[in-house]
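Novice: With chain Y's structure known, arrange chain X on it following the hints.
Protein chains in written order, with our numbering: chain Y, 3 to 552; chain X, 6 to 429.
Each hint should be verified, as a subset may be incorrect.
[What the hints assert, rightly or not] Have a look at the derived ranges for each label pair, beta carbon to beta carbon:
| no. | chain 1 | residue 1 | chain 2 | residue 2 | range |
| --- | --- | --- | --- | --- | --- |
| 1 | Y | Ala-126 | X | Asp-149 | 51 to 61 Å |
| 2 | X | Trp-297 | Y | Ser-516 | 15 to 25 Å |
| 3 | Y | Gly-459 | X | Glu-325 | 24 to 34 Å |
| 4 | X | Pro-147 | Y | Ser-541 | 51 to 61 Å |
Keep in mind the hints are simulated off the structure, nothing from the lab.
Positions of the beta carbon are idealized from the N, C-alpha and C atoms, including for glycine.
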Amino acid sequence: MRHWLSGLCMLLALSSVARGEINIGDKGGITYSVSSSKTPQVVDDENEIVITADAKRLEIKFKAGRLVYDGKDCGTIKTGDRVAIEPDGKITVNDESRPVTGLVAAWRFFVKHWREFLYGSLAAALALMVLLSLIGKVPVSYNVRNLFVRWKTTVMTALAFTLVVALMTVMMAFVNGMYTLTESSGQLGNVMILSSGSNDEGFSNLAFDDVGNVEKMEGIQPYGNDKRLASKEVFVMGNQTIPVGPGQKPKRRFVQIRGIEDPVVAALVHALSLKPGGQWFSEAGVEEVSGDKASTQNLIQAVIGNGLAAEMGSDRAGGKPLTVGDTFPLADRTWKIAGVLDSSGSTFDSEIWVKRQIAGEQFGKPASYTSIVVRAAGEKEAIKLADKVKASKETALNALTEKQYYSNMAETSKQFLYAIVVVAMVMAAGGVFGVMNTMFAAISQRSKDIGVLRIMGYQRRQILISFLLESLVLALIGGLVGCAAGMLADGWTARSIISGGGGAKFVVLRLVVSKEILAAGLLLSLFMGMLGGFFPAISAMRLRALESLR
Amino acid sequence: MLSLLGTLAKFAVIIVKNVRRNLLRTTFTSLGTMTLVLVVTLVWSVLSFIDDQTSEKANDLKVLITEKNKSPSRLPYAYVSSLKEGAARAPDDVRPVDYMTWVFYGGMLDPTKPSRENFIFLIGGEPEKIPTMMEELDQLGPADRARLDRAVQRMKEQRNACVIGPEQLKTMNKKVGERIKVSGLIFKGIDLEFEIIDTFPDAAKRYAQTSVMNIEYLLAALEEYKVTNKKPHPEGDAPVAFVVLRVKNRAELERLTAQIGDSPLYTAPAVRCESQGSAISSFLEAYKDIFWGMRWLLGPAVLFTLSLVIANAISISVRERRMEIALLKVLGFRPGHVMGLVLGEALLIGTLSGVFSAGGAYLLINKLAGGIPFPIAWFQRFFIPDQALWWGLAVGAGTAFVGCIFPALSARSVRVADVFSKIA
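Chain Y with its partners taken away, still in its complex shape (with noise of 0.2 Å):
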């Protein structure tokens, strides 16, 4: 998102300064101004906006940090840079002297501090109640006590604040949970290396002999005396016979299953360890279990996500979650559970670990690797070591540095964050109109008292402020409600898929109620309330004395 707004920002930025005929489109959701002769062609994805124009060639990599314009290295960017192209082709980067537009700017300032509006508003909406008691002299003692009066009305209002905020605080709570796995399941100094062209594990195909050397190269981690720590891994998904009651429809699920090589050094790479009681898989990856000779048979040994082995142990009668020495069917062989993975939080969360050998027989990927994980000294070095292994020669790989791999699996969250906050939106507006109902009808009730208020000497600014006060009384009430239930939806667990870079992957998450989402039901509520009260208030604030005691 950040990336995309940069992106935005640099071409409007870019924009201001050319000359001749100016060339507007929009791609991706980027609009971009170009001048030119003919119209740009613009590709654009999250990490990278290439624009060429008349034969030039601008490519603005946000991550990699390089900036290449007309073929010319003009070296390093950073997000939130801005950069311009004089007409006579010399590049400026940040340059004070041409400042972007208002707009353009106040939004790059909110989204770099976005946190830091969001409590300087609530502190301020908050600020702003304690200051209108304050100086509104009605005393606040007035309006509550008209609340507890029409208490019936009161509550209602109330309620419907509460289940505004606390619908929007749950289905945050869900976006945040996605963001959060995304965010924890990728290690800063870890490069995912795939094969050329492939953005994602599940499309990569790297045969043994493409790989080469690449684990050799120089950047990636020792482990002990002779071994590095990278992590060849080949990633497939199985399906798994839900088993089902007589006349149901048959169920199946997708099941994501990691062959590694080394789960040892896998456990290094990728940060996991076992939960107590279990251990890794043996070096065949299988365990015979005898009998006569009819019965003896091979179990694959598994090690399975926290996620999973609930999931997976919802199945069985009593649901309790699967754990180790458990079994359970996956194609047409049986899997005993060898341990299972204190993975909870990320996506590894919903894998199950094999010997890659035996996920490679089974899921027909028996001569290569889906990707090779490889741990560098820390993020800088994993940028650097991506680069490398892209730049080689002897190899035709891709790579990026696993944190983007899975800032990239984000996508799906975007999108629901999007659907989110106009439910949201609609959702407030209609408690906005049920809010100036109550308001109104409050209003007209006590015209008497306003009119009595006006004679005792209070001006019309204070009966605004008081009427607005009551509204905002009651929306601070029920958004605080709203909160507390949403709370309750902290730690509940979900299915989903994350998806972005053209892959997918199943994943269970935990819903994630944080101190942001809260302050932003809250914050929601006081605008509902504020906007929801100030027309009515501004209605009460014009009665006349004489009339309204008529």
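Specialist: Then chain X, alone, in the frame of chain Y:
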């Protein structure tokens, strides 16, 4: 009869006058109802589409044959010849009425730039099966159908011809008539050049981002790879994603499932035979919790909020008009009449607002906005179904009734003596 109609007309006039008396309140109640009915309509539109896709039909069923244990499914092309006959061996075995083979070919226009604009995903199949076996294409109007048939004919004659959905074309910044070269991703090393011969008609909205090609083109390329490289392509032995069969009814589906399941032809890999509804249902299992939340949390909470808004407005209105209600009773209106007036007022506002909101959403979203952009699974956009007009009416009237029942009962029980004693 006439006197009853006259009485009803008299009541209707009073209800309309009451509604018009406080236009501000009526407006706010209506706007509140409309916005909340809009949310319900959007949520139910998504759920109803999903329900429709996953429901089991009684007749004219589609059956999907996929690989049993693996996803994505990969079946050998050799399976197709017997599968399209439903693995029938005996003369009285069930044979499908139609079939289509599906392969997926995805790749990049520029392999050095892995971006969305550069990516294309094509469904390969027998061109002549596209109009009959792909969902909703058999419902196109005569002009659109004729256009699709022309494209199909050309795809049959020219193997590298492809049809690309208008949105996908726009994303790729290409036009009909242009040629594209695709570097294979799923079938790595199989790079194909296509000529874009047409787009899907606008009426086929669900295909706005879909592209189709002739399966023969891919099969020929895989064969060529084998000859050139002296070894088969790694994915060449099982290029088929699935086979779709059409059967007449559920009884035939069950017989067909048994025929295919018992057949010795499909062992490596084993196949799964299931109705399309069941297959889609399995794919959507991962979204089950989201749909559950929409169905049982979001929907009911919005309906409850809607009832609250209406209940609030009507109870305020009843409280303000207690004297008027007492007067009506003095004039001969019975408690039931008073209750009817209050109910009628709420129902009028609720029903009209509901119908107006759902109707407006239908027109705005379907005709102007081109659907609700809510990409979930492989569905990109959702449309408001025709029955949404009934939802608007039912939701508006239903929530109005629930919301106003207590205020109406309260109005019914207003005691004349109490009201006038307070005034006195």
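Novice: Does the structure break any of the earlier hints, and which numbers would those be?
Specialist: Checked against the structure, no hint fails, so every one of them is satisfied.
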